[in-house]
Amino acid sequence: MLTNNAAGRGTSRLSPILTLLLPWALVYAVFFLFPFVFSFVLAFLKYNPLNVQNTTWVGLENFARLFQDERFVRALRNTLVFVVGTVPMTTAAALGLAVLLRGRVPGKSILKAGFFLPSIISMVVISLVFKLFYSPSGGLNNALSLIGLGGHGWLTDPATALGAIMIMDVWAAVGYYAIIFDAAFAGIPREMYEAAHLEGAGFKDTLRYVTIPMLRPVIAFVLVINTIRSFQIFIEVFVMTQGGPLGATDTLVLYLYEAAFRGLDYGYASAIAYVVFILSGIFSILVVRRFRPQFGSGGVA
Amino acid sequence: MNCTLVLSVLALTAVLLAAGGCGSSEERDGTIRFWQFWDISVVEPIVREFEAQNPGIKVEVEQLTWQSGLEKIQAAIASGTQPDLCELGSTWVPRFSYEGVLEDVTAVHSEVADSFLMWDSGLWRGRVYALPWVQGSRVLFYNEDLFVRAGLDPADPPETWDELLAAARKIHALSDDISGFGLNLGERYVLYKKFMAFAWGNGGGILDASGNVVFDSGENLEALEFYQVLSRYSLREKQEVLDHNFKSGLLGMQISGAWNLRNYAEEAPGLNYRVALVPRPSKQAGTHASFAGAEMLVVFANSKNKDDALRLARHLHQYNQAKALCLEVKSVFPAAVGAIDDPAFAGDEKVRVFVEQSLTCQTAPAHPGWIEMEDIINRSIEEVLYGKADPREALSEAADALRVVVKRFE
Amino acid sequence: MKRVLQLALLLIIFAIMAYPLVWMLTISLRTGDGLDFRYYREVWQAGPFDRYFLNSVVVVTIVLVANIIICSMAGYAFARYRIPGGRVLFFLVISMIMLPKQVILVPLYILMQKFGLIDTYAALTLPFAADPFNIFLIRQFLVSIPPDCEEAARLEGAGELTVLFRVVMPMLKPALAVVAIHTSLINWNSFLFPFILTNTTSMRTLPVGLAMLSQGAHSIDWGHLMAGAVIASLPVIVAFLVFQRQIISGLTSGMSK
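Chains as they are written, first to last, in the numbering used here: chain A, 18 to 318; chain B, 181 to 590; chain C, 6 to 262.
A couple of the hints might just be wrong.
[Stated by the list, open to error] Quick list of the computed label-pair ranges, beta carbon to beta carbon:
id	chain 1	residue 1	chain 2	residue 2	range
1	A	206	C	156	25 to 33 Å
2	C	55	B	246	21 to 29 Å
3	A	159	C	151	55 to 63 Å
4	A	206	C	7	21 to 29 Å
5	B	246	A	226	32 to 40 Å
6	A	159	B	240	47 to 55 Å
7	C	156	A	226	33 to 41 Å
8	A	70	B	462	48 to 56 Å
9	C	6	A	127	17 to 25 Å
10	B	246	C	7	52 to 60 Å
11	C	62	A	206	40 to 48 Å
Please keep in mind that the hints were generated in silico from the structure rather than gathered at the bench. If you're wondering where the values come from, they're calculated on a predicted model, not measured in any experiment. Using N, Cα and C, we set each Cβ at its ideal position, and we do this for glycine too.
Starting from the given sequences, assemble the full structure and let the hints guide the process.
Written out as structure tokens, the structure reads:
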């Protein structure tokens, strides 16, 4: 009732629709659609930028090659580990942090500002800082040496490299989502908490039966954007480890980048891009289904 | 009223597109577009001198970055807007030659072959496609104070593998946070440069003169086994960490390049260090081989100003001009012969070692498949150093993989 | 008691999270003997940072204004109108976010070059003038607001665009706040495309300028690297500290639905 009031007039008022959508459509068509279609077609070609005149159609060959490619499988595995490892962790940590921030906490705005800070710094900068931070004489080992540990090369050990980058990513993102959750809390009616309290619900039960259900749409939103961004992880590994050591931090987009710009095989790179695209799409849909089964209602026909 | 709003929206779009009016470049005859990687302020004087000597020719210089310069060059080639003259790292030249995008400069080579080093990367199927510009060898850096503490004589640096190993062991034993040797690990593009120095010194290599893969040779195996033993007394880390530790006086020795001469002077003025040639297998056998990287100048075959571009290239790589650049950036040396006799270079004790080293340097094989080969080689050495593979197996598997790559480009 | 525990926990987490940044600061200031700003001075002098800064400001401003106008229009259309094939179209919009940008790098470059726009402000702004994320945000936000005010305005004879700009936009403030932050941030920190699409020093933006620096004279030195990192982040941090209250409230009210 509320949102589809324009239903009756939607189809007859073409001119305002066109006007409204025109600028976006222009930008989209020219600067996205064309390159997008180009790259879609690229996945079916053998395209070498140094030799464009010899571009040939190879059908599904690029895609077929993918699954027999050891490096692709490894990159796929690492990327999945990364996504599955960081997304829930970041979301849960952000939620936890937001819970901790509830109520009258002295210095709350300073704390919030501090938590938010890492998320506004460029990832290139963060990667550079952590590259040194994780080194044997870097900040992390300095701190660990206070309790007698440390001296480990976190990024040069194949067993710890990916984990180290994952933790860095959580560090960089958690504040941003925590602030979002923190405000979303304000949207939960007091009465619900009072009712729960009256029924004798403790902290954990309140969390489970009041807070989280009320926050579902926000949680869904956070999970989706986080998932999409995680599938595209590139800068961190490019700056810090170039996919090493021993391919422990090799990811799909890093491979895509190298296939294009070092391997000079843009077709293969495009094929990898489409895998990333499809995987992001699948995971996003799964998340949305789970957390917001009623998503999709609204003004769009 | 609807109209005004529509018009203003369209006007906005038009304004955005019109913002494109500022600064678009056009191709003018008599103008050479030159893309290179050095700071513009360093290259400008040399270019202006060329313009003065060649009235009527203008040069537009643009600076690329090592991180994304290559993407840019590729995108430009793909869209047909590549520059006339371009600087390329020597490891990239063979692929470009193979694809036929470079202008043949064999004529220049015939004229001046002996006056320059590092031609190899520009060779392909008997023709020459690039002019060597500047090069940088890698030498052994060592910390004098740590030598003294370990009972070694700083005036007598290790000359053989045994001496190197002994020195590393002694320094490594000094304390927990001190390491004997610095071994690159955990990053991809540097590994082969350091290891191959030893392999080449031992007579090993990657491809032989006929282009056959010889990576699984006995000489390479000896070098790799030695390298493995050396790693026990080494700090195995990325280059930044090795540099940081060396500057902090916590690393005894490492193989690195001339940029450190300036860096160490600025960032660690109190550091007492010296340089020496990379040790050879023994006093009776092998050579003091090392890795040298080169920057080369190439003219693109589709350029409309090929002759002028070539003239500029020859101006740039001439000894005097290259020398001016090198003295300014202090991290590379002219690829032109003559540096060893020039007091500007030979006068400095440390610089002299670099120049001397460059006479026995080798570089990556000039093969269009090198980028892939480099990954294979790096990977195999990494696996050995991480204890995941046996040296003989690793070399053998790598050699097989290399053969597949070589075959693809035949 | 519970409050004390809560605060203590928060402080511990804060300290742990702040540590890497604090460490970064100390490295950038520790120049051998004592602390000073030598690295900062040298980094700043290594390139025309005032020009880079100006370019970044110009680019971000243009992109921001463009996004606010264009995305509001499109988001409004998707929220209020029944568009033929609207669902598919909207999905196409969203799907833009899921494709890794490296793939369209070269096609975009070729396109820009054909238009003669390489090394211009247009190249740095046009491709980013309509971020689908913003359209998504605005549409979602509008969908939860009843169109009563708009109905009223139409009844008084207002045309569609008037309705949009005079009635809807003010209501969109919280969503626009998110749009502003998100868009400014992404474009301020953007490196790859600005680098590829520009050739000359005079058109470079801050991240590109810094990258050029980091591979030049001061490539591997920790001190200079960290000083450069701080310089790159400073404008964003300052802006954040100044507009903190607005940012956080804008961010959150847009999200709490």
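Against the structure, the hints:
1. Between residue 206 (chain A) and residue 156 (chain C) the C-beta distance comes to about 28 Å, which sits within the given range of 25 to 33 Å.
2. Between residue 55 (chain C) and residue 246 (chain B) the beta carbons are some 25 Å apart, a value that agrees with the proposed interval 21 to 29 Å.
3. Between residue 159 (chain A) and residue 151 (chain C) the CB atoms are about 57 Å apart, so this pair conforms to the stated range of 55 to 63 Å.
4. For the pair residue 206 (chain A) and residue 7 (chain C), the beta carbons lie near 23 Å from each other, so the given range of 21 to 29 Å is met.
5. Residue 246 (chain B) and residue 226 (chain A) have their C-beta atoms about 56 Å apart, which leaves the hinted 32 to 40 Å range violated.
6. One distance hint, 47 to 55 Å for the beta-carbon pair residue 159 (chain A) and residue 240 (chain B), holds here, with the actual separation near 48 Å.
7. In this structure, residue 156 (chain C) and residue 226 (chain A) meet the distance hint of 33 to 41 Å, their C-beta atoms being roughly 39 Å apart.
8. Restraint check, residue 70 (chain A) to residue 462 (chain B): a C-beta distance of roughly 53 Å satisfies the suggested window 48 to 56 Å.
9. Roughly 23 Å separates the CB atoms of residue 6 (chain C) and residue 127 (chain A), a value that falls within the hinted 17 to 25 Å.
10. Between residue 246 (chain B) and residue 7 (chain C) the C-beta distance comes to about 55 Å, which sits within the given range of 52 to 60 Å.
11. The hinted range of 40 to 48 Å is satisfied by residue 62 (chain C) and residue 206 (chain A), whose Cβ atoms lie roughly 43 Å apart.
In terms of the numbered hints stated before, the structure departs from hint 5 and from no other.
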